[in-house]
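Q: This is what each chain is made of:
Number of protein chains: 2
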Amino acid sequence: MAYQDSILHPGFKVGVLGGGQLGKMMAQAANNWHLPLFLLDTDNSFPAGRVSPFFTAGNFKDYDDVYQFGKDKQVLTIEIEHVNTEALHQLEKEGVKVHPAPAKLDIIKDKGLQKQFYAEHNIPTSPFALYTNEEAVRKAVASGERSLPFVQKSRTAGYDGRGVSIIRSEADLEEKLLPGPCMIEDLVEMDKEIAVIVARNESGQTQAFPAVEMAFNPEANLVEFLFCPANISKEVEAKAEALAAEVINAYGICGLLAVELFLDKEGNLLVNEVAPRPHNSGHHTIDSCYTSQFEQHLRAILNLPLGSTKMKSPSVMVNLLGAPGHTGPAYYKHLEECLKIEGAHFHLYGKSTTKPFRKMGHATIVDESLERAVGKARWIQEKLEIVSGS
Amino acid sequence: MAYQDSILHPGFKVGVLGGGQLGKMMAQAANNWHLPLFLLDTDNSFPAGRVSPFFTAGNFKDYDDVYQFGKDKQVLTIEIEHVNTEALHQLEKEGVKVHPAPAKLDIIKDKGLQKQFYAEHNIPTSPFALYTNEEAVRKAVASGERSLPFVQKSRTAGYDGRGVSIIRSEADLEEKLLPGPCMIEDLVEMDKEIAVIVARNESGQTQAFPAVEMAFNPEANLVEFLFCPANISKEVEAKAEALAAEVINAYGICGLLAVELFLDKEGNLLVNEVAPRPHNSGHHTIDSCYTSQFEQHLRAILNLPLGSTKMKSPSVMVNLLGAPGHTGPAYYKHLEECLKIEGAHFHLYGKSTTKPFRKMGHATIVDESLERAVGKARWIQEKLEIVSGS
Numbered sequence: 001m002a003y004q005d006s007i008l009h010p011g012f013k014v015g016v017l018g019g020g021q022l023g024k025m026m027a028q029a030a031n032n033w034h035l036p037l038f039l040l041d042t043d044n045s046f047p048a049g050r051v052s053p054f055f056t057a058g059n060f061k062d063y064d065d066v067y068q069f070g071k072d073k074q075v076l077t078i079e080i081e082h083v084n085t086e087a088l089h090q091l092e093k094e095g096v097k098v099h100p101a102p103a104k105l106d107i108i109k110d111k112g113l114q115k116q117f118y119a120e121h122n123i124p125t126s127p128f129a130l131y132t133n134e135e136a137v138r139k140a141v142a143s144g145e146r147s148l149p150f151v152q153k154s155r156t157a158g159y160d161g162r163g164v165s166i167i168r169s170e171a172d173l174e175e176k177l178l179p180g181p182c183m184i185e186d187l188v189e190m191d192k193e194i195a196v197i198v199a200r201n202e203s204g205q206t207q208a209f210p211a212v213e214m215a216f217n218p219e220a221n222l223v224e225f226l227f228c229p230a231n232i233s234k235e236v237e238a239k240a241e242a243l244a245a246e247v248i249n250a251y252g253i254c255g256l257l258a259v260e261l262f263l264d265k266e267g268n269l270l271v272n273e274v275a276p277r278p279h280n281s282g283h284h285t286i287d288s289c290y291t292s293q294f295e296q297h298l299r300a301i302l303n304l305p306l307g308s309t310k311m312k313s314p315s316v317m318v319n320l321l322g323a324p325g326h327t328g329p330a331y332y333k334h335l336e337e338c339l340k341i342e343g344a345h346f347h348l349y350g351k352s353t354t355k356p357f358r359k360m361g362h363a364t365i366v367d368e369s370l371e372r373a374v375g376k377a378r379w380i381q382e383k384l385e386i387v388s389g390s
Numbered sequence: 001m002a003y004q005d006s007i008l009h010p011g012f013k014v015g016v017l018g019g020g021q022l023g024k025m026m027a028q029a030a031n032n033w034h035l036p037l038f039l040l041d042t043d044n045s046f047p048a049g050r051v052s053p054f055f056t057a058g059n060f061k062d063y064d065d066v067y068q069f070g071k072d073k074q075v076l077t078i079e080i081e082h083v084n085t086e087a088l089h090q091l092e093k094e095g096v097k098v099h100p101a102p103a104k105l106d107i108i109k110d111k112g113l114q115k116q117f118y119a120e121h122n123i124p125t126s127p128f129a130l131y132t133n134e135e136a137v138r139k140a141v142a143s144g145e146r147s148l149p150f151v152q153k154s155r156t157a158g159y160d161g162r163g164v165s166i167i168r169s170e171a172d173l174e175e176k177l178l179p180g181p182c183m184i185e186d187l188v189e190m191d192k193e194i195a196v197i198v199a200r201n202e203s204g205q206t207q208a209f210p211a212v213e214m215a216f217n218p219e220a221n222l223v224e225f226l227f228c229p230a231n232i233s234k235e236v237e238a239k240a241e242a243l244a245a246e247v248i249n250a251y252g253i254c255g256l257l258a259v260e261l262f263l264d265k266e267g268n269l270l271v272n273e274v275a276p277r278p279h280n281s282g283h284h285t286i287d288s289c290y291t292s293q294f295e296q297h298l299r300a301i302l303n304l305p306l307g308s309t310k311m312k313s314p315s316v317m318v319n320l321l322g323a324p325g326h327t328g329p330a331y332y333k334h335l336e337e338c339l340k341i342e343g344a345h346f347h348l349y350g351k352s353t354t355k356p357f358r359k360m361g362h363a364t365i366v367d368e369s370l371e372r373a374v375g376k377a378r379w380i381q382e383k384l385e386i387v388s389g390s
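The listed protein sequences correspond, in order, to chains A and B. Going by the UniProt record's numbering, 333 is the number at position 333 of the first sequence; the sequence numbering is gapless. Going by the UniProt record's numbering, 292 is the number at position 292 of the second sequence; the sequence numbering is gapless.
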């Protein structure tokens, strides 16, 4: 049965490993088509438990849980890379469509293998080297093989800014090196950091969303703002979209691939890293594009025609982070005043507990004037405090 | 506790009578804020059962079911007028906020009382008279008190084009008169039929969406297409919005009021009828406006600041109706080809059974060119067939 014939038919089951905010928003997109989305995560108090009745309690890092969850599904996808890929390999052998393919997931979830993949496929990326642990890194510096500053990334433990350390000084070398196998790369003199989300389906059709520009919170190393369109030339925009398509074709992945890119001072684009799933840098598409990244991911993994990625409006996305110093039941202080802001769309993930810098939601501000949207985003970011208690 | 402080807090419960497509889309809007929405309808195979885990099985026309459902809620609203308002009156007495207020619902759900309300409040509407049954109507025609053509509306049984009969001839008078108490009004020589959805919160703030223009399927007497912006002058647009605000203020309702208006050949606006809830003529707002009608309804009943009703894009909404001659499990023929149409957003309600002309979903087409959007809507309407079986 072709996918398009099976959607909305009883017995056709699409499973997602992970029921956090990305699983939630994927299920929300599926709800528009009334497509049942089955989710696997710890328990149904997780964000997606609220928007889909098809929630299975389990651990997506556990072989048996993933295998049992997956074996009656026709299509499986992920909201997070750090899942049990052994089980996915087995399910794939047994005929389940797994998007992204587990073999590619194994490459992407290891930041060392990911860099080697780019080197092997002549995809531009910053120079790098791999080390077995922090001692080996110190030795390489002592011997003059590597010089400061550099970026250290844990090969397999990274997510949301964790597992990344910027080493600028001898003191950093003593205090900030991460343990275990790592990838070291040059600290690129960046002009901008941009991201392009590209989709690919089994038919080989690809479609990129407009490039977005990211601004980071230096303290938490998390994306704070995201602007679309990015403030780059049409030439760079076209180059970035073509590069994103080149990367997804090299991987041969079905679904979304979020490609984070460095634009250096000379105008060169370098692939930083990728995520084979909906991504924080695409949240604005829900409110500002013809097709949301979540719907596009579903189209791509179901081999449906990809949707138009045209913008309805310029937009700014701001992550709503837990306030520093607050851990406990979440309270959204000043939410009412923020609801007055014209063009602001609030997406709260429903995590019951807030923690410092935890992603508790996001707001997308649409406005014909990007500058005005940025002003509104800053206002909301300052005003809305996610604290504990009430 | 102020509403804005209670949203997202455990123990704050908002209930909706009805779990059909409007309840579903209301719950989808609530999901963005992770606000729990409790729904009452026959069983959770109803559309909203898929998008909210808080589904109560029961009959919203039954006193006990409504009372039991409502008594632990802080705020109650509806997706359909034909609910048990006696129970709502009792719940209101006991301190539950009911929006719209049951006293106003009693007026609106009786098309005779509704017309009298406009007459008493000097709100322009077409001339009308009330009759106890079809025999009384025939007598009035025989005596010359009433002349053909006219529109007969059943006072309390109307919904989705049912309960309305256009009587043009002696033959119609024999065959098409509806039984029971009715309201008869002149057949207005319409230039256009437009609708304005307006919101009002407890603070008295009102906000209207841009007027939409409706095109009907003459066979089913159902809205087939809806265009926004309406093809009317700025002057008429402003008059229509002001009239909608006048009507909602006259009712003193909190929530949405969809005001259907006739624009006659002389440029006069007449109120046809209203619905105190989200409405088919506002579905396009999900994909084309800064705030969707469903989010606006929630803002209004929770006394939150109303959202901007600005358009992101011109749009056309087309109802996806069950194909004539088909009753049974729904199959969406040619859906895949329709998914290729740029700017088309599909909303399928997940009704398991299709029937001739049953509203099974809608599609909103956004496009900078309204003309192009109309062309796409017609194409989809011809292409997509909702038939039984596969």
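The hints are simulated quantities; they were obtained by calculation from the structure and are not laboratory data. Please note that a few of the clues may not be correct.
Label pairs and their in silico Cβ distance ranges [what the hints assert, rightly or not]:
id, chain 1, residue 1, chain 2, residue 2, range
1, A, 71, B, 113, 56 to 62 Å
2, B, 120, A, 57, 55 to 61 Å
3, A, 95, B, 229, 39 to 45 Å
4, A, 147, B, 340, 50 to 56 Å
Nothing here was measured: the structure is a model prediction, and the numbers come from that model. Just so it is clear, CB atoms sit at the ideal spot from N, CA and C, and this is done for glycine as well.
Q: All hints, please: hold or fail.
A: Outcome of the hint check:
Checked against the hint of 56 to 62 Å, the C-beta distance between residue 71/A and residue 113/B comes to roughly 59 Å, which is consistent with it. Range check, residue 120/B to residue 57/A: Cβ separation about 58 Å, and the 55 to 61 Å hint holds. Distance hint check: the CB atoms of residue 95/A and residue 229/B are about 51 Å apart, inconsistent with the given range 39 to 45 Å. Under the hint 50 to 56 Å, the C-beta atoms of residue 147/A and residue 340/B, about 53 Å apart, fit the expected range.
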